[in-house]
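Using the hints provided, position chain B relative to the given structure of chain A.
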Amino acid sequence: METPNPGTECSCGCTKDAQAVPTGLSSITPFILSSPLDIKEDVPCCGAPAGPPASPYEKAGYSICPYVDGFVTIGQDSVPRVKTRLSPKDHVSTILARSNIGRNTYNVAPGLYATGNPNGESPVLVTANFKLSFDHLRRELQGVHAWILVLDTRGINVWCAAGKGTFGTDELVNRLKRSRLSSIITHKKIILPQLGATGVSAKQVKKQSGFSVIWGPVHCRDIKNFLGQNMSADKKMRTVTFSLTERLVLIPVEVAILLKPAAIFFLATLFVSGIGPHFYSLPAIINRGLPALATLTMGIIAGAALTPALLDRLPGTAFSVKGIISGVALSFPTALILAGFTGVTGVLGLVLVATAISSYLAMNFTGSTPFTSPTGVEKEMKRFIPVQLCATVLGALFWLISAF
Amino acid sequence: METFRYIQGVSTLKLDSETCIGCGECTRVCPHAVFELTDKKAAIMDKDACMECGACALNCPVDAITVSPGVGCAAYIIQSWLKGPSKATCSTP
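As they're listed, the protein sequences go chains A and B. Just so it is clear: in the first sequence, position 310 is 310 by my numbering, and no numbers are missing. Numbering-wise, my numbering comes out as the position in the second sequence, counting from 1, plus 1000.
Honestly, the hints are just simulated from the structure, not real lab data. Quick reminder that beta carbons are idealized off the backbone N, C-alpha and C, glycines included. One should not assume that every hint holds.
Here are some chain B residues the structure puts well away from chain A; computed CB gaps all over 10 angstroms [as the list claims (entries may be wrong)]:
1) R1005
2) E1018
3) T1019
4) C1020
5) I1021
6) R1028
7) T1038
8) A1043
9) I1044
10) T1066
11) G1084
Okay, the calculated beta carbon distance ranges per label pair [stated by the list, open to error]:
12) B:V1062 <-> A:C390: 44 to 54 angstroms
13) B:D1016 <-> A:A60: 53 to 63 angstroms
14) A:P261 <-> B:P1085: 37 to 47 angstroms
15) A:K189 <-> B:W1081: 36 to 46 angstroms
16) B:G1084 <-> A:C390: 44 to 54 angstroms
17) B:G1084 <-> A:T186: 45 to 55 angstroms
DSSO-like mimics (lysine-lysine), calculated; alpha carbons at most 30 angstroms apart, straight line [as the list claims (entries may be wrong)]:
18) A:K260 <-> A:K203
19) A:K207 <-> A:K189
20) B:K1087 <-> A:K379
21) B:K1014 <-> A:K236
22) A:K236 <-> B:K1083
23) B:K1014 <-> A:K164
24) A:K379 <-> B:K1014
25) A:K260 <-> A:K379
26) B:K1014 <-> A:K203
27) B:K1041 <-> B:K1083
28) B:K1087 <-> A:K83
29) B:K1041 <-> A:K188
30) A:K235 <-> B:K1087
31) A:K177 <-> A:K236
32) A:K188 <-> A:K206
33) B:K1087 <-> A:K203
34) A:K164 <-> A:K224
35) B:K1047 <-> A:K164
For reference, chain A alone in the conformation it holds in the complex (with noise of 0.2 angstroms):
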């Protein structure tokens, strides 16, 4: 038996424990946070007048996350009510995380929640601990009266967290029991994200826990109709898509990752271009560098920014062929306008360099796409890898060559 988390700070601010209020009710009481209380203040003898008093789910060493505007009351149990509405904070920090700000530390207490007023016939959904899949689930359930049971999946989604096993069978199990779910609910099903099969056997929760998971849908969008449809989910529901707007909101994260390896990179650069008939040259560092500079640059937008948006258009399966096409695309007329000057073994070094890098890094992005298969993409590997590391080599001679 564990004792619960006595107050570690979360990303918002608050404490993190889902359940870290009093029992005791006996029946179905919502709480809303937000209610105004109708308390008699005396006259304060100075100062400010005193503000409400503390709300009954207050506890010590605790405080109650922005999200929860109030606790259910069913039992034993007080569970806190999240909000269907995303606050315009939850979208800042949305926006931050998929800019890979604040990303490691982006998480929810795991347990148990509730949306709207449910009781012990109500649907239970069980998502990961990763707030923007919380965040994702919650604004879909409007109107549903539903239990949310949260997984530690150590603040990652739910699809990668099953490939890695801890959106799994093990947790899935330990954190039925801690919430102490099959008290509060009188039916004995659980309905998990489809997308977590990877990670759960349902007949191994079933025969550990006693609970029959039902798969729902891949999108938390589909979740009423699927709740509309005596929980079943038709193929389309069951089918994962990649649209444009499911790749474009991937490319910060793609951008932001590479800024520090990128900032190495190009002052290496720098410091090669100065190498000229006269040893060294400070004048060539700009004249010659800024130039390779801006072709890589051109390298790096291309494998993780333009592949990506593109990668239905480009020929090619390998994902390092779909990276060539554009490295060269972007790379040679910006190598040509602003580097012609080096020749053509100049503009050739920067393409081969600015390529690889488009190459390797359209590579890079088989890991955030749905639909790449491990044995795809070490075939891919294997075949290019070799490809990227020639051109890179081959291109940083004959940028060296061009300046003698």
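Using the frame of chain A, we list chain B on its own:
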């Protein structure tokens, strides 16, 4: 997803029709509609759409499906080459 096709003819997915009891669980967990139920048995309809996530094999009640499951992520595979599979992670959550 039929607009996206990755490298063909590589999937390690296999289905033993003899063992299959036709429960349809594989059709419910596969995110690429690889399986269909025909004549009370599951059949692999689109093997090249398989991304080897392993959901079907993990959830088949009679272990009729085998696949070498993994993460189709180049960053993860590079790390598993360099550090070993147990320490490999994707670069982003």
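Results for each hint:
no. : hint                                   : in the structure
1   : R1005                                  : 6 angstroms, violated
2   : E1018                                  : 20 angstroms, holds
3   : T1019                                  : 15 angstroms, holds
4   : C1020                                  : 15 angstroms, holds
5   : I1021                                  : 13 angstroms, holds
6   : R1028                                  : 5 angstroms, violated
7   : T1038                                  : 15 angstroms, holds
8   : A1043                                  : 15 angstroms, holds
9   : I1044                                  : 14 angstroms, holds
10  : T1066                                  : 13 angstroms, holds
11  : G1084                                  : 15 angstroms, holds
12  : B:V1062 <-> A:C390: 44 to 54 angstroms : 49 angstroms, holds
13  : B:D1016 <-> A:A60: 53 to 63 angstroms  : 59 angstroms, holds
14  : A:P261 <-> B:P1085: 37 to 47 angstroms : 24 angstroms, violated
15  : A:K189 <-> B:W1081: 36 to 46 angstroms : 42 angstroms, holds
16  : B:G1084 <-> A:C390: 44 to 54 angstroms : 27 angstroms, violated
17  : B:G1084 <-> A:T186: 45 to 55 angstroms : 47 angstroms, holds
18  : A:K260 <-> A:K203                      : 45 angstroms, violated
19  : A:K207 <-> A:K189                      : 13 angstroms, holds
20  : B:K1087 <-> A:K379                     : 21 angstroms, holds
21  : B:K1014 <-> A:K236                     : 24 angstroms, holds
22  : A:K236 <-> B:K1083                     : 39 angstroms, violated
23  : B:K1014 <-> A:K164                     : 22 angstroms, holds
24  : A:K379 <-> B:K1014                     : 19 angstroms, holds
25  : A:K260 <-> A:K379                      : 28 angstroms, holds
26  : B:K1014 <-> A:K203                     : 20 angstroms, holds
27  : B:K1041 <-> B:K1083                    : 42 angstroms, violated
28  : B:K1087 <-> A:K83                      : 38 angstroms, violated
29  : B:K1041 <-> A:K188                     : 28 angstroms, holds
30  : A:K235 <-> B:K1087                     : 36 angstroms, violated
31  : A:K177 <-> A:K236                      : 33 angstroms, violated
32  : A:K188 <-> A:K206                      : 9 angstroms, holds
33  : B:K1087 <-> A:K203                     : 28 angstroms, holds
34  : A:K164 <-> A:K224                      : 28 angstroms, holds
35  : B:K1047 <-> A:K164                     : 23 angstroms, holds
Checked against the numbered hints listed earlier, the structure breaks hints 1, 6, 14, 16, 18, 22, 27, 28, 30 and 31; every other hint is satisfied.
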